[in-house]
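All chains, please: the whole structure from these sequences, using the hints.
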Amino acid sequence: MSDRVAEILEEEISAITASRAPAHNQPREPRPARPATQMPPYSVESVIVSESGVLVIGWLDDREQGLEAIRVSGDGWSGGFAAAELSRVRRNDVERALGAGGAHAFGYWGLAGTERSASRGSTCAVEIVMAGGLIARHDLEAHEVSDPALRRVAIAYRAGNQRVLEEVVALLASRPVTETAGSPAPRAGGERRNQVVVTAAPSPSLAAPAMPTHSVEALVGSPGGLFIVGWLDDRNDRLDAIRVRGEGWHVTLDASALARVRRRDVEAALGAGQQHAFGFWGFLATEGRTLGAAGSSVEIALRSGAFASNNAAMRTVDDVELRGMALSYLASSEYFGNPSVEAMHCLDAFLGDQIVAFNKGISNAIVANPYVRRFIGSGPAPRGSIVVCLYGKPEYLFLQNALFAGGRGMEEYEFVYISNSPELAERLLREARLARTTYGLDQTLVLLPGNAGFGAANNAAVAHCRSDRILIVNPDVFPYHADWAARHSELLAARPAQETRLFGAPLYYDDGTLMHGGMHFEIDTGLSMETSGIKQRKLLRVEHFAKGAPAWAEQFNRPRPVPAVTGAFMSVERAWFETLGGFTEDYVFGHYEDADLCLKSLQRGYPAWIQDLRFWHLEGKGSIRQPVHEGGSLVNRWLFSRSWGDTVAADLEGKMPTHPLLAAPAEEAEPPVPAAVATLTPPARPAPAPRTRRPTPAGARRA
Amino acid sequence: MKVLLVSLFHPELVRGGAQQICYELFEGLREQEGVEPTLLASIDESLPALFKSGARITGFDGRPGEFLFLSRDYDYWWNKAGDPLLVESYVEFLLMLRPDVVHFHHFLTLGVDLLTVTRRTLPDCRIVFTFHEFLSICAADGQMVRRTDSSLCDHASPVRCHQCFPDRPPEEFFMRQRWMRRHLDAADYYTTPSRFMMRHYTRWGIPENRIFCVPNGQRNYNPAVTKPEPGQVRNRFGFFGQLVDNKGVHVILRAVQQLRAEGFTDFTVEINGDNLRYARERKAEIEGFLEDERARPAEEQIVLFNGSYHVDQLAGRMARIDWCIVPSVWWEIFGLVISEAWMFGKPVIASNVGGMAERIADGVNGLHFPVGDARALARVIRRVCTDTGLWDRLAAGITPPPAREEMVAGYRALYAAPRPEAALQAVAS
Chain A
1 MSDRVAEILE EEISAITASR APAHNQPREP RPARPATQMP PYSVESVIVS
51 ESGVLVIGWL DDREQGLEAI RVSGDGWSGG FAAAELSRVR RNDVERALGA
101 GGAHAFGYWG LAGTERSASR GSTCAVEIVM AGGLIARHDL EAHEVSDPAL
151 RRVAIAYRAG NQRVLEEVVA LLASRPVTET AGSPAPRAGG ERRNQVVVTA
201 APSPSLAAPA MPTHSVEALV GSPGGLFIVG WLDDRNDRLD AIRVRGEGWH
251 VTLDASALAR VRRRDVEAAL GAGQQHAFGF WGFLATEGRT LGAAGSSVEI
301 ALRSGAFASN NAAMRTVDDV ELRGMALSYL ASSEYFGNPS VEAMHCLDAF
351 LGDQIVAFNK GISNAIVANP YVRRFIGSGP APRGSIVVCL YGKPEYLFLQ
401 NALFAGGRGM EEYEFVYISN SPELAERLLR EARLARTTYG LDQTLVLLPG
451 NAGFGAANNA AVAHCRSDRI LIVNPDVFPY HADWAARHSE LLAARPAQET
501 RLFGAPLYYD DGTLMHGGMH FEIDTGLSME TSGIKQRKLL RVEHFAKGAP
551 AWAEQFNRPR PVPAVTGAFM SVERAWFETL GGFTEDYVFG HYEDADLCLK
601 SLQRGYPAWI QDLRFWHLEG KGSIRQPVHE GGSLVNRWLF SRSWGDTVAA
651 DLEGKMPTHP LLAAPAEEAE PPVPAAVATL TPPARPAPAP RTRRPTPAGA
701 RRA
Chain B
1 MKVLLVSLFH PELVRGGAQQ ICYELFEGLR EQEGVEPTLL ASIDESLPAL
51 FKSGARITGF DGRPGEFLFL SRDYDYWWNK AGDPLLVESY VEFLLMLRPD
101 VVHFHHFLTL GVDLLTVTRR TLPDCRIVFT FHEFLSICAA DGQMVRRTDS
151 SLCDHASPVR CHQCFPDRPP EEFFMRQRWM RRHLDAADYY TTPSRFMMRH
201 YTRWGIPENR IFCVPNGQRN YNPAVTKPEP GQVRNRFGFF GQLVDNKGVH
251 VILRAVQQLR AEGFTDFTVE INGDNLRYAR ERKAEIEGFL EDERARPAEE
301 QIVLFNGSYH VDQLAGRMAR IDWCIVPSVW WEIFGLVISE AWMFGKPVIA
351 SNVGGMAERI ADGVNGLHFP VGDARALARV IRRVCTDTGL WDRLAAGITP
401 PPAREEMVAG YRALYAAPRP EAALQAVAS
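Residue numbers (the working numbering), protein chains in the order written: chain A, 1 to 703; chain B, 1 to 429.
Incorrect hints may have been included.
Going by beta-carbon spacing under 8 Å, a handful of chain A positions derived as facing chain B [what the hints assert, rightly or not]: (1) Gly392; (2) Glu395; (3) Phe398; (4) Leu399; (5) Leu403; (6) Gly406; (7) Arg430; (8) Arg433; (9) Tyr439; (10) Phe478; (11) Asp510; (12) Leu618; (13) Leu652; (14) His659.
By construction, these hints were calculated from the structure, which means they are not laboratory data. Predicted model only: the values in this text are computed from it and were never measured. In this text, a Cβ means the ideal position worked out from N, Cα and C, and glycines have one as well.
Structure, rendered in structure tokens:
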């Protein structure tokens with residue numbers, strides 16, 4: 001043993017014994033003589049050896065029987081500790097496990113130096129000798145470390161730093177000593193304690209590879225999910241799995257299930273020059289199984305077999321907060337390649353399905369028990385139900401009432417408002433009552449205890465509609481014409497049924513330009529350029545025809561089938577809506593459900609139509625977008641692309657898709673230009689492009 | 001004919017032009033044969049002692065025909081009633097009273113949506129709405145003064161309004177206009193006290209055939225007119241009104257500073273008014289000036305601050321001045337103070353915009369100066385102090401201001417006019 005290490009260890013031992021353990025030669029109170037026949041609960045958790053020392057760690061319930069000594073022996077060496085020479089420390093986990101309420105120090109550890117190397121042999125035996133004569137023998141793997149590592153463990157133990165301790169212990173776990181030569185260790189009585197008795201020559205090489213630097217930064221659980229974040233330097237020895245343990249459960253996340261992300265902070269700290277995604281995060285939907293936080297730990301296993309155990313305390317949050325964490329992390333993660341492409345790959349492997357399932361569980365729970373309040377008169381059932389999903393902005397309830405009401409035909413319609421903002425409940429109840437008094441329209445208010453998302457909320461609201469015609473309307477949509485309701489009713493009566501089974505409407509920005517005249521699909525090919533190669537990813541994009549076009553560009557307003565219409569305004573037969581299963585509820589918060597519904601309808605033979613019934617749409621002003629929504633958008637695009645990528649690629653791509661049901665209808669009379677639009681007409685109106693007569697859509701023939 | 005006058009505040013509880021004129025009308029209608037007026041005046045939660053537990057509309061101090069609308073939970077952005085129970089009480093009040101005419105003087109603290117409630121409750125009643133400033137058009141306190149540079153604004157648009165309120169997107173102002181128009185559409189007729197206001201409102205969208213100018217009329221507070229002595233030095237000036245930024249008191253004070261710097265000090269300015277606490281950017285400047293002025297020896301003081309006044313004190317205050325200065329830096333839609341000055345034969349020196357420019361003929365019955373221009377005002381002050389014949393000529397050009405009776409007659413004609421076709425159609429639908 002070198003003088004320097006010997007000095008250090010002496011200092012450690014002195015410090016520890018001075019602060020925690022009784023003095024070596026301090027007289028002890030005699031324990032009452034009490035015959036014992038059964039060994040009390042105990043554990044020998046680690047024996048760590050280095051070239052110059054040995055450390056033993058464990059716990060023992062010696063409240064009834066006193067501990068006499070602990071002997072340690074390995075191949076070629078042995079040693080022992082009198083009870084007074086061991087440090088006794090508090091162990092909360094043991095106290096919990098034993099239900100011990102007192103202040104007994106169950107934990108023990110002891111450290112001894114040696115003149116010569118003790119690093120021999122893969123197994124060792126530890127004997128716990130009780131004062132009453134009972135002896136328990138425990139065989140276990142000894143862990144070999146360097147002197148500095150052993151010193152670090154000792155310091156960690158002295159400081160109570162469990163995390164560092166566990167890290168070092170885990171670092172050693174896969175590297176047991178292997179030399180076995182030596183003579184049997186002397187037994188208690190004439191034995192030397194608190195030092196290693198060397199009985200064989202030292203190993204020529206004790207340089208074991210170390211567990212790479214890593215950190216588990218967050219371990220968060222909820223009633224329905226688990227989320228973990230950290231980083232790991234696995235450049236040379238790749239991550240194999242992460243195992244999360246708690247009392248009575250464990251989860252093993254394969255490396256392929258984890259997102260690997262760029263961590264500039266880690267790169268800087270490690271001085272890493274090469275491109276390597278040090279960061280990792282994982283998410284798991286636990287299918288309603290609540291994982292207890294008690295006794296949680298995280299084990300990081302590498303492909304070489306090395307692993308580290310981290311005593312990571314799991315924080316518990318509710319499902320909504322956990323979803324927010326996962327989505328925010330997804331949205332804010334950095335990658336070396338194209339962020340969209342890389343995020344999609346992360347979702348592909350495992351995370352996408354987990355987030356979708358978890359989110360759906362949240363939505364289902366939220367819509368299961370709504371509070372429903374009706375403010376309705378005694379008149380006949382309405383002809384149409386305007387379903388509006390509110391989020392964040394209560395004023396749209398009274399603004400819509402004010403601007404939808406007052407025109408011809410509105411008395412035949414009802415509002416069904418559903419709120420995804422529980423904090424607005426009182427205000428909305430007040431506003432709905434006020435609106436009923438002020439405008440006289442029937443309204444139903446459905447209050448949800450959380451944000452169920454657009455699809456689930458609208459589906460839930462439809463269940464409370466009293467008519468056979470559903471109008472899905474965004475809160476920031478307002479009629480262009482005061483008599484919109486009469487126009488809508490007349491349109492239903494005048495147009496063929498297949499054209500109105502599901503239709504959308506031209507929508508305009510506040511500046512009078514076109515916001516929506518139907519939607520089409522594009523396929524983006526995302527490229528992620530990495531040194532390891534080029535990743536490709538096809539992603540669907542939903543586009544509006546001619547967004548921002550002047551109002552006089554009527555080719556986007558005329559009645560025609562389109563690949564999809566926006567959910568900002570959508571009029572649909574209730575029976576058809578229900579046949580289609582309503583909006584798909586897999587999307588997070590809201591996006592793509594409208595296109596998804598239209599594609600479901602098209603798949604069943606009925607494309608969505610545009611009908612010339614105009615509305616204002618103050619897009620994006622009817623709700624409040626938060627960072628977590630960006631993560632939702634990524635998941636939704638991933639899901640939509642996975643669900644409909646092949647369908648779109650077949651014959652729905654582009655502004656002029658070749659799908660037979662989307663052939664333009666026969667030329668119709670030009671719709672009259674409303675006065676409000678006419679004022680926007682420039683003096684020299686360009687001549688419309690010549691149109692050709694095209695066959696009646698197959699869907700129309702079938703209807 | 002039963003007429004319900006719905007007023008922003010009661011003038012005896014909260015002073016202001018809209019409520020003052022509404023109350024003049026109320027008193028005038030009372031004197032009319034065959035007219036049964038009722039006043040419903042709002043109060044807000046700044047007067048909690050007048051709120052009665054569980055009540056929403058109550059009487060006022062035992063006065064017959066006067067009621068208080070106990071406003072609460074008011075939405076000052078959308079100018080909307082916030083309490084369903086209050087609105088339901090208003091409906092009950094309407095059904096109990098069943099007025100032939102409901103005449104709104106402003107909607108602040110009441111809710112612009114009360115017009116729709118009124119129309120829905122009493123489809124056949126006549127609804128008249130009097131604009132007392134530009135709150136329907138302008139969210140910046142209805143002043144139409146741009147918050148970007150304090151310049152006068154001549155029209156609203158979503159983007160221009162967004163520039164005054166950068167934290168609110170243009171779409172919000174697009175909605176605001178529709179919200180306001182939707183409820184104002186419930187009225188049959190609209191009135192403004194001045195013609196220039198009509199231009200703002202018709203440009204904003206109010207139909208030209210439904211908006212009329214009915215000047216604000218007041219009873220005469222000066223029953224004993226005395227003939228002025230000609231050829232006197234007329235160097236006493238007065239300001240009457242609220243000391244809020246847009247009333248422009250600071251312009252007078254800067255003019256005084258200018259003249260003092262020039263060594264011209266043979267004049268006095270008396271400030272009559274209150275509510276300096278509501279001033280914003282000008283508050284410190286005005287307070288600082290008045291403090292400095294008070295610190296001067298009495299013989300050096302030019303500006304005297306007299307504080308607030310009641311209409312009954314007007315004669316005394318007017319007797320101490322020769323000229324009334326109306327230096328408003330906003331449009332000043334009518335300027336009741338001009339009428340009051342004229343009642344006492346005092347020529348008015350006023351900013352050359354809005355209601356002031358419309359009512360005062362420059363060089364005939366008063367003088368203009370460029371709005372906000374303190375140096376120009378200083379030149380006018382020096383001129384009128386030194387041109388001893390000028391006051392006599394301008395005072396002789398003053399015609400009596402609109403009388404209460406004229407205003408009552410104007411409104412009665414409107415109450416009796418056939419309902420406009422558009423309004424009837426709106427009701428029918």
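For each hint, the structure was consulted:
The beta carbon of A/Gly392 is not positioned within 8 Å of any beta carbon in chain B (closest approach about 14 Å), and the interface hint is therefore violated. Because the closest C-beta pair between A/Glu395 and chain B is about 6 Å apart, less than 8 Å, the hint holds. Given the 8 Å rule on beta carbons, the hint for A/Phe398 holds: about 7 Å separates it from the nearest Cβ of chain B. A least Cβ separation of about 6 Å between A/Leu399 and chain B falls short of the 8 Å threshold, and the interface hint therefore holds.
The interface hint given for A/Leu403 holds, since its Cβ lies 6 Å from the closest Cβ of chain B, which is under the 8 Å cut-off. With 8 Å as the threshold, the beta carbon of A/Gly406 comes within range of chain B, its nearest partner Cβ sitting at about 7 Å, so the hint holds. Annotation: interface hint on A/Arg430 holds; nearest CB of chain B at approximately 6 Å, less than 8 Å. Because the beta carbon of A/Arg433 sits about 4 Å from the nearest beta carbon in chain B, less than 8 Å, this interface hint is met.
Against a cut-off of 8 Å between C-beta atoms, the interface hint on A/Tyr439 holds, since the closest Cβ of chain B lies about 7 Å away. The interface hint given for A/Phe478 holds, since its Cβ lies 7 Å from the closest Cβ of chain B, which is under the 8 Å cut-off. Residue-level restraint check for A/Asp510 holds (minimum Cβ-Cβ distance to chain B is 4 Å; threshold 8 Å). For A/Leu618, the interface hint holds, since its Cβ comes within 8 Å of a Cβ in chain B; the closest pair sits about 4 Å apart.
Interface restraint check for A/Leu652: the shortest CB-CB distance to chain B comes to about 32 Å, outside 8 Å, so the restraint is violated. Taking 8 Å as the C-beta cut-off, the interface hint given for A/His659 is violated, the closest approach to chain B being about 35 Å.
Comparing the model with each numbered hint stated earlier shows that hints 1, 13, 14 do not hold.
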